[in-house]
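So the sequence lines, in the order shown, correspond to chains A and B. Position 131 of the first sequence, counting from 1, maps to 131 under my numbering, and the rest follow consecutively. Position 63 of the second sequence, counting from 1, maps to 63 under my numbering, and the rest follow consecutively.
Hints are computed from structural coordinates only; laboratory data are not their basis. Nothing here was measured: the structure is a model prediction, and the numbers come from that model. Treat the hints loosely; a few may be bogus.
[As the list claims (entries may be wrong)] Distance windows between CB atoms, simulated: (1) A/ILE97 / B/ILE85: 27 to 35 Å; (2) A/LEU151 / B/GLU100: 28 to 36 Å; (3) A/ILE29 / B/ILE103: 27 to 35 Å; (4) B/ILE103 / A/THR113: 21 to 29 Å; (5) A/VAL4 / B/LYS93: 32 to 40 Å; (6) B/THR63 / A/ARG163: 42 to 50 Å.
[As the list claims (entries may be wrong)] If you only want the chain B side, here are some residues facing chain A, beta carbon under 8 Å, derived: (7) ASN11; (8) ALA18; (9) PHE21; (10) ILE23; (11) ASN33; (12) VAL37; (13) ILE41; (14) ALA54; (15) ALA57; (16) GLY60; (17) ILE66; (18) VAL71; (19) ALA84; (20) ILE101; (21) ASN102; (22) ILE103.
Glycine included, each C-beta is placed from N, C-alpha and C at the ideal position.
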Amino acid sequence: MNLVDIIFYFFALITLVSAAITVYSRNIIYSAFSLLFTFFGVAGIYVLLNADFIAVAQILIYVGGILMLLVFGVMLTHKVINVEIKTGILNVVPGSIITAIIGGTLCGVFVVTDWFIVEGVPPIKSTTTEIGTMFMTKYLLPFEIASVVLLVALIGAAYIARRDKSKNQSA
Amino acid sequence: MNFTLTDIPLNYYLGLSATLFSIGIVGVLTRRNAIIVFICIEMMLNSVNLTLVAFSAFLGNPTGQILVFFVMAVAAAEAAVGLAIIIAMFRNKMTVNIDEINIMKW
Chain A
1 MNLVDIIFYF FALITLVSAA ITVYSRNIIY SAFSLLFTFF GVAGIYVLLN
51 ADFIAVAQIL IYVGGILMLL VFGVMLTHKV INVEIKTGIL NVVPGSIITA
101 IIGGTLCGVF VVTDWFIVEG VPPIKSTTTE IGTMFMTKYL LPFEIASVVL
151 LVALIGAAYI ARRDKSKNQS A
Chain B
1 MNFTLTDIPL NYYLGLSATL FSIGIVGVLT RRNAIIVFIC IEMMLNSVNL
51 TLVAFSAFLG NPTGQILVFF VMAVAAAEAA VGLAIIIAMF RNKMTVNIDE
101 INIMKW
């Protein structure tokens, strides 16, 4: 068992344990914060896979952006004073059955399929340059469309979450 | 230090990703808080990203990481819009329990 194995198992353990805490914790704040460790664990595995750009983007976008949004969502949708922050669990048996079916199918497909793997791939030094080149050449149109999608989504989110002023005045 | 990818087989990464996806499915199906369901959807998107990066690395081709970037962009948009919807719903019905939000059900 060399160093790479130890690093892989370490990050995999962090990811899975914190994901389980996220799902099963009855306190939403605990869920949101253990999701942080899930994202960090996945980012560590990205680094192990030589995907440095994606790892940094994972930390910036998920931890810096999405997790902050989620924490704001938790704070805005719960009355802080009368702590209505605990949530229940339902549909355990059908949920477990469906999960077992889907997870078993995924694992079965992953094990059975003979994946096309290039043997002796030279370790990629840094993918950032190649990704930037591809964004500016082959994938320029999807890149621009993604920016438009983000702009539209943010305007729409601000519009939906805004207080309706006309309704407040009439009420 | 020279890391080589073949130290850990591809199936380990795929198994980790499948487990993470299954945990997300459990959360979506069994929790009744809309924000927890939302968190679990983000987790499932993350596990799919992990699969894409693993395939990309084992293929020696960074095109898969471009796809991961687009998934991240869409996930960010989805997080913003979804949380806005949840907040608007909370303002109208004062709850985020998905059992009580049934006005579109007949």
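Quick rundown of the hints versus the structure:
1. A/ILE97 / B/ILE85: 27 to 35 Å: 29 Å, holds
2. A/LEU151 / B/GLU100: 28 to 36 Å: With Cβ atoms ~33 Å apart, the hint holds.
3. A/ILE29 / B/ILE103: 27 to 35 Å: 28 Å, holds
4. B/ILE103 / A/THR113: 21 to 29 Å: Violated, at about 44 Å.
5. A/VAL4 / B/LYS93: 32 to 40 Å: 50 Å, violated
6. B/THR63 / A/ARG163: 42 to 50 Å: 44 Å, holds
7. ASN11: Cβ of B/ASN11 sits 6 Å from chain A, so the hint holds.
8. ALA18: Result: holds, 4 Å to nearest chain A Cβ.
9. PHE21: The hint holds - B/PHE21 has a Cβ within 8 Å of chain A, the shortest such distance being about 7 Å.
10. ILE23: At about 5 Å, which falls below the 8 Å cut-off, the nearest Cβ of chain A leaves the hint on B/ILE23 intact, so it holds.
11. ASN33: Hint on B/ASN33: holds, closest Cβ of chain A at ~4 Å, below 8 Å.
12. VAL37: With a minimum Cβ separation of about 10 Å from chain A (threshold 8 Å), the hint on B/VAL37 is violated.
13. ILE41: 11 Å, violated
14. ALA54: OK, holds: B/ALA54 within 8 Å of chain A, min 6 Å.
15. ALA57: 4 Å, holds
16. GLY60: 4 Å, holds
17. ILE66: 6 Å, holds
18. VAL71: With Cβ-Cβ at 10 Å, over 8 Å, it is violated.
19. ALA84: 4 Å, holds
20. ILE101: 12 Å, violated
21. ASN102: 14 Å, violated
22. ILE103: For B/ILE103, the interface hint is violated, since the closest Cβ of chain A sits about 16 Å away, which is over 8 Å.
Consistency with the previously given hints fails for numbers 4, 5, 12, 13, 18, 20, 21, 22, ordered from lowest to highest.
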